[in-house]
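Visitor: Chain residues, written in single-letter form:
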Amino acid sequence: MSRRRVLAIVRKELRDYRRNRYTLWTMAIIPAIFLAQPLVYILNLPATAAVPLAHRHELLYMLAIPALAPSLLAAASVVSERQLGTLEPLLSTPIRRRELLLGKALAPLLPSVVVSYAVYAIFVVIIELFAHPGVASALLQGPLIVAQVVFTPLLALWSIWVGIAISTRSSDIRAAQQLSVLGNLPLVALSTLISQGVIQASLRLAVGLGVALLIIDRFGWRLVAALFDRERLITGPR
Amino acid sequence: MALHEAGSQDALALSVRGLGKRFGERVAFRDLSFDIARGEVFGFLGPNGAGKTTTVRTLGTLIRPSAGSATVAGYALTPENGIEIRRRIAIMPETPGLYPRLTVAQNLECFADLYELSDPRRRIARALGAVRLSDRADDPCGALSKGLRQRVALARALLSDPQVLFLDEPTAGLDPVASREVGELIAGLGQSGVTIFLTTHRLEEAERLCDRVAILNTTLRSIGRPDELRERLFAKTLRISTLRPLPDPQAVFGELPAVAGWRQEAGGRYLLSISDPRVAAPAVTRALVAAGADVLSIAEAQHSLEDIYLELIEGEQETISP
Chain G
1425 MSRRRVLAIV RKELRDYRRN RYTLWTMAII PAIFLAQPLV YILNLPATAA VPLAHRHELL
1485 YMLAIPALAP SLLAAASVVS ERQLGTLEPL LSTPIRRREL LLGKALAPLL PSVVVSYAVY
1545 AIFVVIIELF AHPGVASALL QGPLIVAQVV FTPLLALWSI WVGIAISTRS SDIRAAQQLS
1605 VLGNLPLVAL STLISQGVIQ ASLRLAVGLG VALLIIDRFG WRLVAALFDR ERLITGPR
Chain D
2 MALHEAGSQD ALALSVRGLG KRFGERVAFR DLSFDIARGE VFGFLGPNGA GKTTTVRTLG
62 TLIRPSAGSA TVAGYALTPE NGIEIRRRIA IMPETPGLYP RLTVAQNLEC FADLYELSDP
122 RRRIARALGA VRLSDRADDP CGALSKGLRQ RVALARALLS DPQVLFLDEP TAGLDPVASR
182 EVGELIAGLG QSGVTIFLTT HRLEEAERLC DRVAILNTTL RSIGRPDELR ERLFAKTLRI
242 STLRPLPDPQ AVFGELPAVA GWRQEAGGRY LLSISDPRVA APAVTRALVA AGADVLSIAE
302 AQHSLEDIYL ELIEGEQETI SP
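Chains as they are written, first to last, in this note's numbering: chain G, 1425 to 1662; chain D, 2 to 323.
Bear in mind the hints are in silico, worked out from the structure with no lab data behind them. One thing to keep in mind: the hints can contain errors.
[Said to hold, decoys possible] Here are a few chain D residues that face chain G, going by a calculated C-beta distance under 8 Å:
#1 G61
#2 R65
#3 E81
#4 I84
#5 I92
#6 P94
#7 Y100
#8 R102
#9 L103
#10 C111
#11 F112
#12 D114
#13 R287
#14 I314
Remember, predicted model here, so these are calculated numbers, not experimental data. C-beta atoms are modelled at their ideal positions from N, C-alpha and C, and glycine is treated no differently.
Please model the complete structure; the sequences and the hints are all you need to start from.
Guide: Below, the structure written as structure tokens:
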């Protein structure tokens, strides 16, 4: 495994994101939607809402951001190289399949984790400053903030592997992105069900989910590497 | 038929034996056997769908062969050797394959890192200098003309100082000026000792740039230097032109031992089949003068690589057609 080759892919992807307005809008719009809607709701809650909120985990709803934000970028990662005709020169270098995929995964991981943390921080600050004090203290529970910090990269990486897996088997960017969003909806549903109290949040559940996501993320790399068929990607229709 | 020439393995950049590739039932190419010496510029010609690009991709380790074996830059063409082979070769595909939003220098920087080159800045500057693009290093690739993008792709291929450089239709789709510029760069590379495997449709380009050419149409049809192929395929001919038609051409040409046959093309133009132009041309000249002919020109008929190509490819299609 060559760190320099992995970083070459990461740097190239990040430079490309910076110059691509579509990418920047995509990265910004999903978190903005997830920020605005609950803020409007929470800022209008009366002090009496504090008691029921203390027994729920509304903030876990924000975990949908890392589950969705990187999926569009990841879904375009391989198929866009095919469409640009850049995959053939890329694969004719000494880069290994797993190095390429790791670079492709780390590139969207970094901005999506940063954006997710930043949006969450903005959310917390606004609630602290403008929500009713009782509502704010009911919402901002220490374990929930820790869960957000821990689960954000794990969920983002899951979302990225789903996106790249679809990208390696697809010949159309839009189709890959739509499938990728669909593929990540179960994660959004899970975080929503926990935040609404349908699935009861507990330390045991958190540890179980954390370990499962760690294993899936590690296994995802191998699985996507197995799906990455160099010959089909080079000779298949663009 | 397997066509190949003997050569020392050490002196060979590429050695191919019975190589073939099929996609399901479709045969891309089969039974390829040839050697390419280090420093040779080797032209690979053939019609669309002949298997040229698939051959490049196979030798470049991008796809696996279905049959046969090969040695590329001293390494056996096996999946285990893929990385070692790719360290020693470079492929310039038909489309430049550049990242349009990145600058020229950033495109090259990415590939310098992928090859783990030492002193990448110097290597990039040298590669851009070689394709005369030093002043465009900070331009986004998407803003460049097609000819300039091809030159950037060539610079990218040169970054790692490859032992074998595969150029797949490097001048396809370029206007004559851009095509000539890229051709000149390839000619310069050929003189610098890099082994070049050039696929092209442009036969005059192959004739100008290549030491040897191979003509492929799924299987190898012929291989050799262009002049060898000419000798192999075409009888030598003299083209005669006189001011007026000869009254009795049989009396002039028919008695000459150096002339195997003749035919009148039109008016005072005659085509003579000969075995050796150095013997036939003076004898024919003397006979024409003795016959009182007003000679306008006597020249050996030249067959271009295009004639050779058409003879091999079209002749084959006529044979195949019902």
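Visitor: Confirm or reject each hint.
Guide: Structure-based check of all given hints:
| no. | hint | verdict |
| --- | --- | --- |
| 1 | G61 | holds (5 Å) |
| 2 | R65 | holds (7 Å) |
| 3 | E81 | violated (12 Å) |
| 4 | I84 | holds (5 Å) |
| 5 | I92 | holds (4 Å) |
| 6 | P94 | holds (5 Å) |
| 7 | Y100 | holds (6 Å) |
| 8 | R102 | holds (4 Å) |
| 9 | L103 | holds (6 Å) |
| 10 | C111 | holds (4 Å) |
| 11 | F112 | holds (6 Å) |
| 12 | D114 | holds (3 Å) |
| 13 | R287 | violated (61 Å) |
| 14 | I314 | violated (24 Å) |
Hints 3, 13 and 14 from the earlier list are contradicted by this structure; the remaining hints agree with it.
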